[in-house]
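Asks: Spelled out from the first residue to the last, the chains are:
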Amino acid sequence: MSSLAGEVGGLILENPVMLAAGILGTTGASLRRAAMAGAGAVVTKSVGSIPRDGHPGPTVVPLDIGLINAMGLPNPSYREFQEEIDIGKTGGIPVVASIFGADPDEFASIASGLTADAFELNLSCPHAEKYGAELGRYPEAVQSVTKAVKARVRVPVWVKLTPNTADIVELGLAAQDGGADAVVAINTLKAMAIDIESGYPILGNRFGGLSGPAIKPVAVRCVYDLSSALDIPVIGAGGVSCFVDAIEMIMAGASGVQIGTALQRGYGVFGEIIEGLSAYLERRSMRLSDLRGLAMRRT
Amino acid sequence: MSPKSESPSTLAKSVDATILAVRQETPNVKTLTFDLSLDPKAGQYLMAWIRGLDEIPMGFSGPREITVHEVGQATKALANFEPGRSLGLRGPLGNSFILRGDNILLIGGGVGIAPLTFLGEAAKAQDIDVTSLIGFRSSADVLFKQRLEKLGDLAITTDDGSMGIHGFASAGLKELNLGEYSQIYLCGPEPMMWDILSRSKEHSGKIQVSINRYFKCAVGVCGSCCLDHEGIRVCVEGPVIMADRLLNSEFGKYRRGPSGSRGSCRG
Ligand SMILES: Cc1cc2nc3c(=O)[nH]c(=O)nc-3n(C[C@H](O)[C@H](O)[C@H](O)COP(=O)(O)OP(=O)(O)OC[C@H]3O[C@@H](n4cnc5c(N)ncnc54)[C@H](O)[C@@H]3O)c2cc1C
Ligand SMILES: Cc1cc2nc3c(=O)[nH]c(=O)nc-3n(C[C@H](O)[C@H](O)[C@H](O)COP(=O)(O)O)c2cc1C
Ligand code: FES
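Protein sequence lines, in the order shown, are assigned to chains A and B.
Heads up, the first sequence is in the numbering used here, so the first residue is 1 and it goes up one at a time.
Heads up, the second sequence is in the numbering used here, so the first residue is 1 and it goes up one at a time.
If you're looking for bench data, these hints aren't it; they were derived computationally from the structure.
From a predicted model like this one, the values you see are computed outputs, not experimental measurements.
Do not take every clue at face value.
[Said to hold, decoys possible] Beta-carbon label-pair distances, calculated as ranges:
hint	chain 1	residue 1	chain 2	residue 2	range
1	A	D167	B	P83	53 to 63 Å
2	B	A21	A	I65	29 to 39 Å
3	A	E275	B	H166	30 to 40 Å
4	A	G199	B	S139	42 to 52 Å
5	A	S289	B	I98	23 to 33 Å
6	A	G199	B	N28	40 to 50 Å
7	A	G199	B	I98	35 to 45 Å
Positions of the beta carbon are idealized from the N, C-alpha and C atoms, including for glycine.
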């Protein structure tokens, strides 16, 4: 058993480094590949109740500081997705199904139609009408969706939160009240980019969400605030691209970290981060639990 | 960013390019020449942003040109661009063909001839012998005949027999001894490529295939283009893939559409 093994949000993981939702999560084969590369768990692309082609291109704007995306929740619907989850499972690690819907009933019926090791509720995508953050910015909606899903499934339920709000802690508390086993923070920050040659917004959807190194300090702050206020575990996401970033997230209170945009560099990021984490702990003769929330104890 | 990257540099931002010339190649294929070169290698591609409409992948048919087959909304819009009009280009992206040896064979069909012609011209400039086998529906669809004739031996097949050998491109294989070539390069409609591959499995270690999947992000994160069963991210690890990796993949069997659902690899 490596020094990185432990429980994260109700799942026993070999290590706390996971693939984030919507990143190389459309096919079972790419989920399995993340597992082979060393991920402790993988989260699928968010799936809904009917097939969606997503927004027209451009769907991403590459920047030096990260990425703006407006994929538009493309997915083949949960009915076609069980097969991909099952293929993903052959990687030997937990597969977390990310799901989205427009109301508690839709979320609950998708969750009960899928078999996965855990569910992550996408209440935070910033660029899809009627879904994601359009629900997830209201604490009452977060609570009722969480409650509806919890009532229908026996596996852990994580709630992915949006940072596009005045007070993310309020949303985290709502998820906790709804019975969530963990919260995941953060999804992307609302953003846009304009082409100065033509004046056109670059994204096909005009607006999108910012991810990558640019949002890491925002994510660290959100994780810190949530960890300070909640009793349930917090899983950190946002700009983690090396083991140093992962340690920072864990010191802010994260039980696990998710990697998204950094996968641009290839699947090797998992190995780099996991090795870096192990070596850091070994050098200092520390355990993961010694790091978790360290920043909160340093006052 | 880490030097230990598995992906070629993909941080290409959109640049503004102006169309200098538009050449009608066949009734539904046009070549667009740009006022700037993105310095591509043959086999690489760009994402062409037709402002207000869509962004689509296009291979290079030369250092500063693309060759567009009109199949839907975005390709029709692109084909209707007049000289002087501008568009956004993100590239060059993906890997490229790699020249190996001094006697190569190009096999292609339809608009897949575009990157092969670019490759053949680069090879010729290095004194590499180039032979081409190209297949089309009919004589009216034949693309880049003159450019390829300049490079070396050229065999043409047409489905309707209106030019060259009657039949699919594979009908032309009989005239060739694949063992003679140092490397073989393949690009065209998937059923055609699968037909060729399944008849030349013993050579799969020296066949470089440029394949087509549904690209969205083109930076290797969204998962739209991933190829079963290895999960190859075709947008950054491809579009050129060695044939032996394709033989036990989804290639020739199915492909995913924009939603990620599996569909036919025809069309
Ligand atoms: C690496 C690569 C290089 C390519 N090079 C060329 C080229 O040199 N010349 C050329 O004419 N075409 C090329 N294509 C194909 C071209 O991108 C599609 O024909 C084009 O995107 C169709 O868009 P549309 O709106 O006109 O058609 P649609 O009506 O949207 O679709 C028509 C067909 O094209 C496919 N398609 C649509 N959008 C995409 C997309 N974003 N990615 C991949 N397939 C898509 C659809 O699945 C469908 O089969 C290439 C594709 C790839 C992946
Ligand atoms: C291309 C892309 C697609 C994404 N798709 C989803 C999605 O389907 N569901 C979701 O909850 N989050 C999605 N996200 C958000 C990520 O999971 C993650 O929360 C965010 O990108 C911040 O992490 P990062 O900086 O490591 O990328 C997506 C992000 C990107 C860049
Ligand atoms: S197109 Fe997004 S990963 Fe290849």
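Asks: Confirm or reject each hint.
Replies: The hints, checked one at a time:
no.: 1; hint: D167/A / P83/B: 53 to 63 Å; result: holds, 55 Å
no.: 2; hint: A21/B / I65/A: 29 to 39 Å; result: holds, 37 Å
no.: 3; hint: E275/A / H166/B: 30 to 40 Å; result: violated, 60 Å
no.: 4; hint: G199/A / S139/B: 42 to 52 Å; result: holds, 45 Å
no.: 5; hint: S289/A / I98/B: 23 to 33 Å; result: violated, 49 Å
no.: 6; hint: G199/A / N28/B: 40 to 50 Å; result: violated, 32 Å
no.: 7; hint: G199/A / I98/B: 35 to 45 Å; result: holds, 41 Å
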